Amino acid sequence: MNSRGTWAGTLAVAALIGVAGYAALFLAPAEKTMGLIQRIFYFHVPSAWTGFVAFFISFAASIAYLLRRQPKWDWLAVAGAEVGVAFFTCVLVTGPIWAKPVWGIWWTWDARLTSTFVLWILYVSYLILRTLVADPERRAVTSAVFGIFAFLDVPLVYFSIWWWRTQHPQPVIGRGGFLDARMYAVLFVCWVALLGVMALLIHHRYRLEALRHEVDEMSIEADRRA
Amino acid sequence: MGLARAAAIILSKELRAEFRTRELLNTTVVFVLMVIVLFSFTFDPTSAESRRFGPGLLWLAFLFAGSLMLQPSFTREQANDTLAALRLAPIPPVAILFGKILANFIFLLFAELLLLPVFAVFYGLHILPVLGPLLLVFALGTLGVTTAGTVFSAISSQARMRELLLPLLLLPALTPVLIASAESTVGLLGDEPALPQVWTFLLVASDIVFLTATWLIGEYLLEE
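Chains as they are written, first to last, in the working numbering: chain L, 1 to 226; chain E, 1001 to 1224.
One chain only, chain E, in its complex shape:
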C-alpha cells in the first residue's frame, strides 16, 4: 500500500477515535481559554497593550496546549498495545507517523479556529479583513507544531516522566515556529495589516525541515 493511502487510513482511524469522545478538543479549547483569562489577570493590559501582546500570548497558549494534547497521540496506543498492531500492518511504518501528524494538525487547527473569534472579541481585534492570510499563518504554524510534536511524542512515550519530557523537548525546538507565527500574527492584526514575508518563509522552511526529517528518520521511532 502506498504511503499516502496508508496515512489516510491512519488519519481516519485517529479522527474516528477522537470524535467519539472529543477529549482532546474539549480540554485543549478550555485550556487555551483559561490561559487567555489568566493573562489578563496577571498583566491587566490596556487595549493597546493587548493588541501588541495578544498574538504572542495566543501562540504561546497554542504551543503549551499542543505540548499537552500531543502527548496522548502515542501513549493512547500503549493501553492495549495497539501500536504493535499498527506496526504489523502491511504499510510503510512512517505512514503511522504521517497519519498521526495530519490528525493532530486537524485537531489543533480546529481548536485554534474555534478560539480565534473568542480571542478577537476579548482583545478587540479585526480579524475579518485579514482572514485569508491569518488562516495561512495558522495552518503553517500549526503544521510545524504538530509535526515536531508528534515525533517528539513518539520519543517521550518511550521514556519516564513523559508528561514533563514532551514540553521540555518540544518548546525549545519550536522557538522558530513560535517567533514566526507570533510575529506574522502581530503583523496581520496591527494598525497597518501586512504579512511579513520573511516570517512566512521561515514557517515554510521549518515545516519542510521537520517533515523531511520525519520522512527520513521517523520510522526508527516505531521499531519494536
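Next comes chain L alone, as it looks inside the complex:
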C-alpha cells in the first residue's frame, strides 16, 4: 500500500472508530440492570473476535511461510500474533473493569476468562520465542511451527477449560439473555471498526518488520565488504 492509501485507510478507520464510539455510547439502548457500564461490552466482545481474526492471520501466514519460504509470510505471522495479543490485552483489561461493578469482583476462574487468559499467555510465549532466536531464518521456521501448534491447541484449551469449569459450581453470570436488535447492530459496527484498526496495525507492523529485515540485510552486506 502506498502512503496515500495508508492515509486514506487511517482516516477511514478513524471515522469508523468515531461512529462506533458514538453508537456504543449514545445509540445503543441502556441495559436495564447494569446501566452505563454495560457499554464497555461493545468494545470488549469485538476486541476478542478481532483478536481471533488476527491469530488466524498469524496461523495462516505461518503455514504459508513453511510452504513458500518467503520472508513476507513471516512478517505477516508476527504482525498478526502481536496485534492479536494487543487486542486480547484489551479484552483482559476491559473485562475486569466491567466485572468489578457488575459481579463485585475483578476476576473469577470462570471458563471463558481462564481460557482467554491461557490463550493470551500462549501467544505471549510465541512473541518471547521470537526475541530469543537470533538467526532470522531459524526464527521464522521455529516460530512458524510453534505458531501452528499454538493455534491448533486453542480448541483443546477451550474445550478442556469449558468441561473443567462446568463440572464445578458456576459463578453467577448474567448470560443467556437475548440482545436488543439495536445492540446487535452497534456490536457489529464496533466489530467492523476494530477490524479496521487491526488491519491498520497489522499493515504498520508488517512494514516495520520488512524494514528491520532490510536493515539486517544491509548490515550483513556491510560486514561482508569490511
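Calculated directly from the structure, the hints in this document are not laboratory data. Each hint should be verified, as a subset may be incorrect.
[Said to hold, decoys possible] Simulated coverage check for chain L against chain E, where a stretch passes if three residues somewhere in it have a Cβ under 8 Å from a Cβ of chain E:
{"id": "1", "region": "52-58"}
{"id": "2", "region": "85-95"}
[As the list claims (entries may be wrong)] Rough simulated footprint, nothing fancy, chain E against chain L, three-plus residues with beta-carbon under 8 Å:
{"id": "3", "region": "110-123"}
{"id": "4", "region": "136-148"}
These figures come from a predicted structure and were not determined experimentally. Positions of the beta carbon are idealized from the N, C-alpha and C atoms, including for glycine.
Put chain E on the given structure of chain L with help from the hints.
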C-alpha cells in the same frame, strides 16, 4: 528406509544412551519426589484434602519434570553436533522426532510408574483396583506431554535462554493435557472410582492433534 523402522532405530539409540547413565531418570524421579514433599510442607493437607488435591499436584510435578527432562533431548546432540550426523542418515527426517518422542515417552512413563506406588503410600490412595484405567490415563497424558515437549525442545534448543524457554512454551500449550489427566486421575482415585469419558476423549484428541502436527510440520525444525 521406512518411517517406523527408522524411528525404532533412533529409539534404540536414545534408550542405549540413557540407560548407560540413567541421568534423566534419576533426576526426574528425585525431582518429583521433592515436589511431593514440598507440597505437604507448604499446604499441610489433611488426608481428605490430599486425596482431592494429590492427583493434580502429581500431574503438575510430572509436567514440570517433563519440561525439564525434555530439554536435553536436543541439546545433548549439540555437544558433538550429532544431530547433523542424524540428518545425514538416509531416513525420513521426521523419524528422528518420532524416535525421540517415543524414547521420552518411555522415560517419563517409566519414572511415573516408579513414583506411583510411592505417591499412593504417601497419600493413602487405593490404586490397585483401578490400575488398568489409571495406566491408560498415564500413558495418554504422558504421550501428550512428550509429543509437544519433544517438538518444543527442538524449537528451544535453537534459541537463547533455552532452559527457561521450554517450560514457557510447553506449560500453556499443555493446559488441556494437564486438566484432562488430573481430572481423570481424581475421578479414578475418588470415593466412587470412575473414568470420566470426556477426559479420556480429550486426552486422545490432544495426542492425535500433537502427533499429526508433528508428522506434518515437525521436520522443518530439523533443517540445517
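So, going through the hints one by one against the coordinates:
no.	hint	result
1	52-58	violated (count 0)
2	85-95	violated (count 0)
3	110-123	holds (count 3)
4	136-148	holds (count 7)
In summary, the numbered hints that this structure violates are 1, 2.
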